[in-house]
Amino acid sequence: DTEVTQTPKHLVMGMTNKKSLKCEQHMGHRAMYWYKQKAKKPPELMFVYSYEKLSINESVPSRFSPECPNSSLLNLHLHALQPEDSALYLCASSQAPGQPYGYTFGSGTRLTVV
Amino acid sequence: SQQGEEDPQALSIQEGENATMNCSYKTSINNLQWYRQNSGRGLVHLILIRSNEREKHSGRLRVTLDTSKKSSSLLITASRAADTASYFCAADPGKLTFGQGTILTVHP
Chain A
460 DTEVTQTPKH
470 LVMGMTNKKS
480 LKCEQHMGHR
490 AMYWYKQKAK
500 KPPELMFVYS
510 YEKLSINESV
520 PSRFSPECPN
530 SSLLNLHLHA
540 LQPEDSALYL
550 CASSQAPGQP
560 YGYTFGSGTR
570 LTVV
Chain B
2 SQQGEEDPQA
12 LSIQEGENAT
22 MNCSYKTSIN
32 NLQWYRQNSG
42 RGLVHLILIR
52 SNEREKHSGR
62 LRVTLDTSKK
72 SSSLLITASR
82 AADTASYFCA
92 ADPGKLTFGQ
102 GTILTVHP
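If you're matching them up, the sequences are chains A and B in order. In the working numbering, each residue's number is its place in the first sequence (first place is 1) plus 459. In the working numbering, each residue's number is its place in the second sequence (first place is 1) plus 1.
Be a bit skeptical, because a hint or two may be false.
Said to hold, decoys possible - Quick list of in silico lysine-lysine cross-link-like pairs, DSS-like style, CA-CA up to 30 Å: (1) A:Lys468 to A:Lys478; (2) A:Lys512 to A:Lys478; (3) B:Lys27 to B:Lys57; (4) A:Lys477 to B:Lys57; (5) A:Lys512 to A:Lys468; (6) A:Lys500 to A:Lys478; (7) A:Lys500 to A:Lys477; (8) A:Lys481 to A:Lys500; (9) A:Lys481 to A:Lys499; (10) A:Lys481 to A:Lys497; (11) A:Lys499 to A:Lys478; (12) B:Lys96 to A:Lys499; (13) A:Lys512 to B:Lys27; (14) A:Lys499 to B:Lys57; (15) A:Lys497 to A:Lys512; (16) A:Lys512 to A:Lys481; (17) A:Lys500 to B:Lys71; (18) A:Lys500 to B:Lys57; (19) A:Lys499 to B:Lys27; (20) A:Lys512 to B:Lys96; (21) A:Lys500 to B:Lys96; (22) A:Lys477 to A:Lys497; (23) B:Lys96 to A:Lys477; (24) A:Lys497 to B:Lys96; (25) B:Lys70 to B:Lys96; (26) B:Lys27 to A:Lys500; (27) A:Lys499 to B:Lys70; (28) A:Lys497 to B:Lys27; (29) A:Lys468 to A:Lys499; (30) A:Lys512 to A:Lys477; (31) A:Lys481 to B:Lys96; (32) B:Lys71 to A:Lys499; (33) B:Lys70 to A:Lys468; (34) A:Lys477 to B:Lys27; (35) A:Lys500 to A:Lys468; (36) B:Lys96 to B:Lys57; (37) A:Lys478 to A:Lys497; (38) B:Lys57 to A:Lys478; (39) A:Lys497 to A:Lys468; (40) B:Lys27 to B:Lys70.
Keep in mind the hints are simulated off the structure, nothing from the lab.
Go ahead and model the full structure; you've got the sequences and the hints to work with.
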């Protein structure tokens with residue numbers, strides 16, 4: 460298995476809702492990442508998990524809450540989002556943090572906040 | 002924060018022509034990577050060049066790196082319509098941060 464699987468592919472949520480994005484990989488990668496991408500812009504790093512521990516939080520608002528239950532799974536819990544949070548959320552993994560390997564990206568969750 | 006600029010922002014060529022994209026970055030790096038993205042979906046890793054390398058090839062791809070100028074270039078030779086996509090460079094100083102990207106359109 461050489462893929463990163465993200466679910467759901469599309470999500471529409473209200474500003475008072477609570478939802479979660481899920482990401483899964485079975486490549487034995489020990490680093491996992493969340494990126495946010497607005498239309499016609501590059502991906503922006505949100506969080507980095509290294510060996511299942513949060514190692515980098517790029518000053519992301521607390522309405523985004525990451526979780527790494529085990530080495531294969533990464534969640535992003537969403538609560539009280541704003542319309543400007545609408546974006547493509549990308550999960551990625553790499554073999555090990557700080558090592559010269561390419562990242563494997565999932566196909567993303569397109570989130571719309573109404 | 003984003004690493005830097007990519008040049009050009011958009012490139013339109015005919016099938017069979019070569020496409021060259023340039024990237025500048027701001028910080029010291031461990032390596033620099035190039036990715037392709039089709040239609041706003043997931044990114045696909047194309048090639049990685051380490052900071053102590055100057056040039057690397059992979060199939061129709063050629064990447065150069067000039068750490069003194071903090072710049073890199075991606076050359077796609079003999080382009081195909083299927084190469085139409087957005088291309089991003091990504092600098093890795095410990096965490097991967099992306100340039101602004103080049104939108105490549107290859108006309109059949």
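| said: For each hint given before, does the structure comply? Return the numbers of the non-compliant ones in rising order. | reply: Result: hints 4, 33, 34, 38 break, sorted rising.
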